[in-house]
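Start from the sequences and build out the full structure, keeping to the hints where you can.
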Amino acid sequence: MKRLISFLLAPLFFLLPGCGAQEAEEQFFSMDTVMSIHAYGSGAAEAAAAARREVEALDSQLSRTKADSLISQLNAHAGDGTDVALDTDTARLLAFSKSISQLLPGDFDITIAPVMDAWGFTGENRHVPDSETLSAAMALVGSEGLSVDEAAGTARLERAGMAVDLGAVAKGYAAAKAEEALREAGITSALLDLGRNITAIGPKTDGTAWRVGVADPENDSQYLCILSLEDQTASTSGGYERYFEENGVRYHHIIDPETGYPADSGLKSVTVISADHLLADALSTALFVAGPEEALEFWRSRDDFELVLCTGENQLLVTEGLEAGFTFTGEELGYDCQIIRR
Amino acid sequence: MTARLSAADRRRPTPWDLLVAVLVVGAAVALLFFLRQESGNFLSARVVLDGETIAQYNLTTLTEPVTLEVDDAPYPLTIQAEHGRIRIVESSCPGQDCVHTGWASRAGQQLICLPNRLVIALEGETSEGIDAVTG
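Protein chains in written order, with our numbering: chain A, 1 to 342; chain B, 1 to 135.
In case anyone wonders, no lab produced these hints; they're calculated from the structure.
Treat each hint with caution, since some may be false.
Okay, the calculated bits of chain B under chain A, using three or more residues with CB under 8 Å as the criterion [said to hold, decoys possible]: (1) 95-106; (2) 110-122.
Just the calculated beta-carbon pair ranges, DEER-fashion [unchecked claim]: (3) R46/B / G312/A: 34 to 42 Å; (4) A136/A / S92/B: 28 to 36 Å; (5) G129/B / G153/A: 43 to 51 Å; (6) E313/A / P65/B: 31 to 39 Å.
Cβ atoms here follow ideal geometry from the backbone N, Cα and C, with glycine treated the same way.
As structure tokens, then:
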């Protein structure tokens, strides 16, 4: 009988360690989106709160809708010759953004802000701008007119009316800062959802990889595929989340810096997976504008990111580095899947 | 003729003991399967306005459609819930991104109206064991 009791009680010993595991969640609005931070392990609550503070502090410097932010100051001094003093984060982020513009010319430019405003994507009234307004705004775009001195911690916009918007990189940088705060607090397992940019820190507490679904651009309730992530960010850009319709035409918010119109490159969405959170964020926007051929060509030239491209022809192009741990779930939704090799 | 031994005195298990053991294990497995099915199907929706839960629906057990008018939001909106799904059917917010999202029907999905700081979070167990969604 004793043996029987010990046999029945044995599973409890395996379950008990689970009772000590700590889990904490912070959900909040920041950077014009909804964010959540899940942290696991000892001190999870304090760590998640510290990570949230990092993100919010960053937002207060990078937002161009907050009048007292560093970016607002930079924009306010456009064309008056002032070298605006910045903090390390802001200077670094501006320099990084300029480098992406140089790597992918015509596909990415943080000085696109005046054009975003012309379309009303910054405020409340989205509309197609008249051609005069649009060409005036386009004349102000060009990151060669943004000078950044990272060592001195200053930046300058050369022409009056120019403005920068860090919407395409801020969440990636925020993920890196949040990760830093979590790791400093001793957290080795966490999941960040910063406006649907997902950052997996470490594996899950059971040692397995995080499972991240890539949403179907046509129906948010469905997934195109499931990725296995560990110490990586998956960042997605698509024209289906923020848009408006005018005279039966749909206009989305990712503006092509070359045309001044919403990007129309044959892609419905681009998901970039990288251990470099900032790079993943910036490239998802840039490669959405670039289109499938240029995106894959760029992927072949580097080894620090992977791609899931969803084309207008309902094809899923997945780069080979994702193959292990990848599950294609888009077949029933009418998608084909192809693994792209180098 | 020897007297029949009581169960307490017997040393060796009889086929009846085996049958009881099989039945107990069978019942346990059936119960486990049943409970998993239940949690797999369970879907609820929590409506949070600026950090405060203002409504909660068990979408699994809803039989009739329910409408919720959120008049005290900065931009009043109307939420519609029915069996297995929920959506923001109408909103006076400028962007209409929340209305464009359409129905949400999967655990882990969120409907968001940013200008209103409103989130509808779907909770339950996902069949694929998804931890997060990008896109």
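Quick rundown of the hints versus the structure:
Taking a C-beta to C-beta cut-off of 8 Å, the stretch 95-106 of chain B contributes 10 residues in contact with chain A, enough for the three needed, and the coverage statement holds. Counting residues of the stretch 110-122 of chain B whose beta carbon lies closer than 8 Å to any beta carbon of chain A gives 6, which meets the minimum of three for the stated coverage. For the pair R46/B and G312/A, the supplied restraint of 34 to 42 Å holds, since their beta-carbon distance comes to about 36 Å. Between A136/A and S92/B the CB atoms are about 31 Å apart, so this pair conforms to the stated range of 28 to 36 Å.
In this structure, G129/B and G153/A meet the distance hint of 43 to 51 Å, their C-beta atoms being roughly 46 Å apart. Distance hint check: the CB atoms of E313/A and P65/B are about 37 Å apart, consistent with the given range 31 to 39 Å.
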